[in-house]
Structures are given as C-alpha cells and as structure tokens.
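If you read the protein sequences in the order shown, they are chains D and Y. Residue 220 in our numbering is what sits at position 220 of the first sequence, and the numbering runs on without skipping anything. Residue 119 in our numbering is what sits at position 119 of the second sequence, and the numbering runs on without skipping anything.
Because the hints were derived from the structure by calculation, they are not lab data. Take the hints with a grain of salt, since some may be wrong.
Residues from chain D shown here face chain Y by an in silico Cβ test under 7 Å; the list is partial [said to hold, decoys possible]:
#1 Ser7
#2 Gln14
#3 Tyr132
#4 Phe284
#5 Val314
#6 Lys315
#7 Tyr323
Predicted, not measured: the structure shown is a model, and the values here were computed from it. Backbone N, C-alpha and C define an ideal beta-carbon position, used for all residues, glycine too.
In case you want the letters, here they are:
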Amino acid sequence: MVSFELSDEQKMVQETVASFAADQIEPIMRESDEQNAVPEDIIAKGWELGLLGGCIPEEYEGFGEELSSLTGLIALEELAWGDLSVGLHLMAPSMLAISVLDQGTEEQKKQLLPVFCAEEYKAASSALVEPYFNFCASALKATAERDGEEYVLNGSKCLVPLAQEAENMLVFAASSPGMGFSGIDGFIVPAGAKGATIGEREKNMGINALATYPVTFKDCRVPLAARLGGDAGCDFLRLLSRSRLALSALAVGMSRRAMEYSRDYAIQRVAFGEPIASRQAIAFMIAEMAIEVDAARLLAWEAAWRCDKKMDFVKEAALAKNYAAEMAMMVCDRGVQVMGGHGYVRDNPVELWFRNARGFATFEGFVMV
Amino acid sequence: MIDFEISPRIKGTKNMVHMFAESAIRPIARQYDEQEHEKPWDLLKMMQKFMGGGIGGALGTEEKKKEEKPEGEPKEKKPRETNLAGAITVEEVFWGDAGIALSIPGPGLGGAAVQASGTPEQKEKFLARFAGEDPVWGAMAITEPEAGSDTANLKTTAALDGDEWVLNGEKIFVTSGKSALEDSKGFVVVWATIDRKAGRAGIKPFVVEHGAPGMEITKIEDKMGIRCSDTVSISFMDCRIPKENILGSAEVVDKTKTEGFKKVMATFDATRPLVAAMAIGVGQAALDFLKQTLKEEGVELRYGINPHRMTSLERDVMQMEADLKAARLLTWRALWMLDNGLRNDLQSSMAKAKAGLAVTRITQKAVELMGPLGYSRELLLEKWMRDSKINDIFEGTGQIQLLVTARRILGFTRDQLK
Numbered sequence: 001m002v003s004f005e006l007s008d009e010q011k012m013v014q015e016t017v018a019s020f021a022a023d024q025i026e027p028i029m030r031e032s033d034e035q036n037a038v039p040e041d042i043i044a045k046g047w048e049l050g051l052l053g054g055c056i057p058e059e060y061e062g063f064g065e066e067l068s069s070l071t072g073l074i075a076l077e078e079l080a081w082g083d084l085s086v087g088l089h090l091m092a093p094s095m096l097a098i099s100v101l102d103q104g105t106e107e108q109k110k111q112l113l114p115v116f117c118a119e120e121y122k123a124a125s126s127a128l129v130e131p132y133f134n135f136c137a138s139a140l141k142a143t144a145e146r147d148g149e150e151y152v153l154n155g156s157k158c159l160v161p162l163a164q165e166a167e168n169m170l171v172f173a174a175s176s177p178g179m180g181f182s183g184i185d186g187f188i189v190p191a192g193a194k195g196a197t198i199g200e201r202e203k204n205m206g207i208n209a210l211a212t213y214p215v216t217f218k219d220c221r222v223p224l225a226a227r228l229g230g231d232a233g234c235d236f237l238r239l240l241s242r243s244r245l246a247l248s249a250l251a252v253g254m255s256r257r258a259m260e261y262s263r264d265y266a267i268q269r270v271a272f273g274e275p276i277a278s279r280q281a282i283a284f285m286i287a288e289m290a291i292e293v294d295a296a297r298l299l300a301w302e303a304a305w306r307c308d309k310k311m312d313f314v315k316e317a318a319l320a321k322n323y324a325a326e327m328a329m330m331v332c333d334r335g336v337q338v339m340g341g342h343g344y345v346r347d348n349p350v351e352l353w354f355r356n357a358r359g360f361a362t363f364e365g366f367v368m369v
Numbered sequence: 001m002i003d004f005e006i007s008p009r010i011k012g013t014k015n016m017v018h019m020f021a022e023s024a025i026r027p028i029a030r031q032y033d034e035q036e037h038e039k040p041w042d043l044l045k046m047m048q049k050f051m052g053g054g055i056g057g058a059l060g061t062e063e064k065k066k067e068e069k070p071e072g073e074p075k076e077k078k079p080r081e082t083n084l085a086g087a088i089t090v091e092e093v094f095w096g097d098a099g100i101a102l103s104i105p106g107p108g109l110g111g112a113a114v115q116a117s118g119t120p121e122q123k124e125k126f127l128a129r130f131a132g133e134d135p136v137w138g139a140m141a142i143t144e145p146e147a148g149s150d151t152a153n154l155k156t157t158a159a160l161d162g163d164e165w166v167l168n169g170e171k172i173f174v175t176s177g178k179s180a181l182e183d184s185k186g187f188v189v190v191w192a193t194i195d196r197k198a199g200r201a202g203i204k205p206f207v208v209e210h211g212a213p214g215m216e217i218t219k220i221e222d223k224m225g226i227r228c229s230d231t232v233s234i235s236f237m238d239c240r241i242p243k244e245n246i247l248g249s250a251e252v253v254d255k256t257k258t259e260g261f262k263k264v265m266a267t268f269d270a271t272r273p274l275v276a277a278m279a280i281g282v283g284q285a286a287l288d289f290l291k292q293t294l295k296e297e298g299v300e301l302r303y304g305i306n307p308h309r310m311t312s313l314e315r316d317v318m319q320m321e322a323d324l325k326a327a328r329l330l331t332w333r334a335l336w337m338l339d340n341g342l343r344n345d346l347q348s349s350m351a352k353a354k355a356g357l358a359v360t361r362i363t364q365k366a367v368e369l370m371g372p373l374g375y376s377r378e379l380l381l382e383k384w385m386r387d388s389k390i391n392d393i394f395e396g397t398g399q400i401q402l403l404v405t406a407r408r409i410l411g412f413t414r415d416q417l418k
C-alpha cells in the first residue's frame, strides 16, 4: 500500500543527522572549502553517529540489522545539506565496506568489515572513474589480467577520495574487456601495494575540502582472493546502481540547502521597495527549484525502495541519478542567479554549491548505501 | 513505512480500467476527434450504467463523505486510499483518450463544489441525479471573457429579488456545459458577484439548473484538442433561480476567514492532483507508444551507460521517462497526504505544475521523435500532443500553479506575491 511516511527509525536517523549537519557541518563549510581540508574533529564526531556501523550486521562486529538503502538515502541527504565534501569524506569508508557487504565473500566480509565498526574512523576508498573525457563505467580502460595465482592490474584512475590515507582501496577494472558491465570486477588493493602509485592531490572545480587523488596501476599484482566476490566475481552494475542511489540523495540534500538559502535571501532582500521574492521572475525560479528537488528525491526513494525490496533497480537508479545531476545544476545555478552579484562572491555559499553541483554529472562509484 | 506498491485492490481496478480503456475507448478516440461536437452515446450510457456516477468518486466528491463516529470513542483509523485510487483510475481512463474521458457523465467540478460547500438538503437535491440510469453532467462556470484566474474581477452579477436570485453576465470555457444543460438534466455552478465593491469577498457560487429561464448557450468552442468534450459560452440575461440555490452564505465577509471558502480551497487541493493524473495518463500513452515502436524497430535503450555515451534519442526518452515518473510520484504524494488527512495544498500545486509541463513536453517530444509518422493523423501521437496541452491550461495554468507553489514556499499572501 502506497505510503510516504518514514519509519520511526528513519525519522530518528533523519533528525539526528540533520541536527549534526546544522550544528557541526554547516558552520565549517566555507572554511573547509577555502582550506582544502575537512577538520578532523568533525569526522571523529560524525563517526560517532554510527552511520556505517549501523549498516553492518553483528556477525561482522557491527550493530545493524538488514541494510536499508532508503534509510541510507535519508542520512546522505541530510549530510549533503550540511556540506557535500564533509559528507563524502565521512562516508568514504562505506565505498569499500558496503561493496564488500553487498558482494563480498564470507571471508572478505569477516576480514574487512570489523574495522568499520570500531570507534575510530578508518579511511577506505574505491577507484572507478578514469581520467578520459569519454569515461564510461561500462567500458573501463583499466584491466585486470589473471596470471597464475594473481591478478595483474593496469590503468589510470582519478577522483579517488582519501587514497593517501586509505588502508584498502576497491579498484574496478575490466577482467573481460569488451564485455560491458558484466566484464568488470572489483579488486581489493591494500595501501602500499607494489605497482600502485598515488599521484598528487587533485585540484577540482568543487568538493575542494575532500582530498581526491589520481592513482595509476602498473603491473600491480594482487592475490586471487582480492577479487570482490571471489571466483564468482561481483555484480558490478548492481554496485554502480547503489552508487547512483547515493549520489542522487547527495545531490538532493545539497540542492535543497541551496533552494532554502535562496528562498530566505529572496524574502529578506529588498529592491524597488519590496522583497525580490515578491516578483514572479524570482518567485517562479524558487518554486521550480522546490518542485525539482522533491521530484528528484522521490525518484531516488522509489529506486532505493526497489533495491530494498530485492526488485531490479538498475534502470530506476540510472534515471534517478541522471535526473538528480541535472536538477542539482539547475537548482544551484538559480541559487546564484537569485542572489545576483552576491551569489558570485565567496562571502556567500551559493557559488560553492554551484561548483559542487556539476560534479554529479561526473561522479560514479560512490557506493554509500 | 515508505512504500510505492499500490494495494491489490487498486491494482485490480487499475488493470480492469486499463483493459476497458484499451478495448472500448482507444479504438474510437480518432473518430470523436474528427467528429467534433458528437458524443459516443453508447459508450457513455454503458459507463453510466456500470458506474452509476461512480467516476464522481474519482473526481473527488466521494472524498467528502463524513465518517460517522460515535462520540468519545476514538475509532481505529484505517488507512484510506480513496483519492489515490481515484487518481489511478483517472490516469488509466485518460491513457485511453483524454477527450472521451472528459465527456464521461458525472457531477464534475460543479458537483464537487456542491459536495464541498452545499448543505445536506442541497446535496440531496442536486447530487442524487448522478446515480440514475441516464447520463447526467454537472459543470462549473467561472471564466469570463475578461477574467479567468483573476476571479476578483468577475463581472457576472447576482441580485436578490424576492425569493429569487437574478443573474446577469457571460461565462466562457465551461467544460461539459452543453452536456449538463442541453444533453441531460444537469446543472452548472455559476460564480457571480453579489457586491462588486467587495471584490473576492462578494463572489458566490450559484447552482443553475438546466432549463433556467434567461440562460442560453451562445457558443460551442471548436478546439485544438479534447474535442469530444464540449466547451461552451453561456449568457445569463435576467436569469432567475430560487433563493436557496446559493452555495454557502450570502453574507459578504472576508472569505478567507470563512469555513465555506476553506472548503472550496480544500476542493482544489483534491482536484489539482487529479488534473495532474489526467496529464500523466496522456503522457504515459505517448511514452508507451514511442517505446513500443522503438522496440519493434530494434532500437535498444541502454539504461545505465553514462549520459555522454548515449544517443540523443536515448537521452530524450530517458528524460521523458524520468519526468513522467517524477510527476506521478509527486501526484501520489499529494493524494496520499489527502487520504491521510494531512494538509497538502503545497504538494498538490507542485504536482499539477510538474505534470502539466512535463506531459506537454513529453507529447511534443514524442511527435518529434517519430518524425513524419508522429506528425501524421494516421497515428494518435499528434492527437495526444494536442490533447495534453490543455493540462497546462485548465484548472489553473502552469504559471498559476507556480504562483500558488511559490506563495506557499515563501509564506507569502496574495498581496505579497501578485
């Protein structure tokens, strides 16, 4: 029966993360962006919310029940409302953890998951995106060739969060090139693996506070057991779809903040003797922003609901992500436009959201729910 | 608990209505587009028999039935889905054909106004007729040649003369006006002012029965689309109706403060998502047809690849799909809130704004993507494009919906955001 009501648990997650975002994240948003760094204590405090540990079952030392993508989306929306970079930094370990939880062998789960249930934050990461203009997740250029008891990785990756401090990194490469999504596998590569080179920290248009790196692999050898899902391999398209759910929620959260900010500004800002929100040109922009934010959220929720119900959700997640990426750019562009010159200067946050927003068209592989 | 699965009961109805739309409505859609001003009487009579005005339930009237509760005992609240069920039915019927769907007999918007603000006696007197054997229509007359959404400037007047109201003025764009007044023993709810100086506060709804002296249909519009549905002009020249045909009170007070006005506004909260559902039905028809054709032609839609690798066609179709689904989910949310007694004024205008615009674009895009076949009257696509445009216009244009949405998001009054 159709219902739009959150469960009590989801309401609690929403409230908890929302107040953390408002009290702790938002005040440091600008500073983090300018300094290109997320303050460590924020991550430590955020980790205390137990968002990832709450997704991992007891048998792997977590305190979660069944993994709910929908609940994950609710948390991510609130985090991104506070700040996208901080949210991504805080949840980066889940890129590896949730991939392993969803697709790993029993051994991989036992070996890799407990560290994410500890009190202390431990970075982990995942490498999917490649530095080519025509990058497509279905046609990776990075390859993984089997050589006896090992896989040999070759290729270049970029937009790898926290590569420098991650203890393990999940690297996606084509084990059967030309086979599309089904020919792609994930490999767990530990820090310091021979043949893996972490380049200089990237400089991107947005998400400045999040440390991302290019990583290159040259004859980097990992044991057979490092392949996600073991001999059977993994369902890469499913992981990609999970990432698309997460990215949709992050785009919705940040865009919602931009909409609310422009709305409040337009109500207070007086021109020609009345608030600019009293003019239809401004008011209609804000109305459309609000409608599109809600539309993108519902598309993402429906796709996540399908995922939780164990229904096919590949198509729905792709539609939701592409929709959310466009929505975020439209909403954040208007956020700047509503404020005019004030939106263009770095005293105000809308230019930051504007720069972050375009990233959603490029981002892939952020498996966070 | 969030859930997007419709209940088995609604699913059963949906499948049944879909089959009906496909087998009985779709095949005659073109015929009643070409033969404008004619009605598929056999079909309409049959529907009246089966539904006994039941479609009225789908148009929001059934919603207002009060649940009798014994005093004191808090009755266990059963989740309701009356409005959602209605919208899903509406979507399927409109998937069949928008013009025919709009000409289906029933209380319509006029009936909804009676239901919302009529006394028990008025409801009995005016609404009983819709449950009979013969098709009967109700209609609503608001728009005038010089005022549509700007209701404060309505010029039609109503003056009390003894036991009668005397109406004078001209109304245009009355949906099903001919059906209500000439083709059946129906009525039209006419909005007229009893005090021009009072602005909106003086505007009152009056039930004018078929055959009322001094009322005349002066024009039947020829339209771009929804041709099966009649749209008429009505002139009132000293048209006399009984004193008790006024809906609500005859007192001129600030209407925003009265129960009656709130009830009328509540009606809009119920009808807006239904108009959205109408649009979505037509959009789904166009999308279904397009996707089926692409499939037959062996054109694969590669979901999941990155957008810059997609063909322009893939991008367009996926955008259409996402837009339609987003519109539907916004509509369902507005209806779910209504069914659960939550205030949904913001969400209902959001749904209509999104659906009207999305479907207008979807049908236009579908015609474009089908090339010369899309433009030809051999297929129904071009008809859906003509039909769907009405959803961005009637029951408040897309711009009016944005205005209403914006006011609610900003917390602004009419005066603060004009």
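Each hint tested on the structure:
{"no.": "1", "hint": "Ser7", "result": "5 Å, holds"}
{"no.": "2", "hint": "Gln14", "result": "12 Å, violated"}
{"no.": "3", "hint": "Tyr132", "result": "11 Å, violated"}
{"no.": "4", "hint": "Phe284", "result": "5 Å, holds"}
{"no.": "5", "hint": "Val314", "result": "6 Å, holds"}
{"no.": "6", "hint": "Lys315", "result": "4 Å, holds"}
{"no.": "7", "hint": "Tyr323", "result": "4 Å, holds"}
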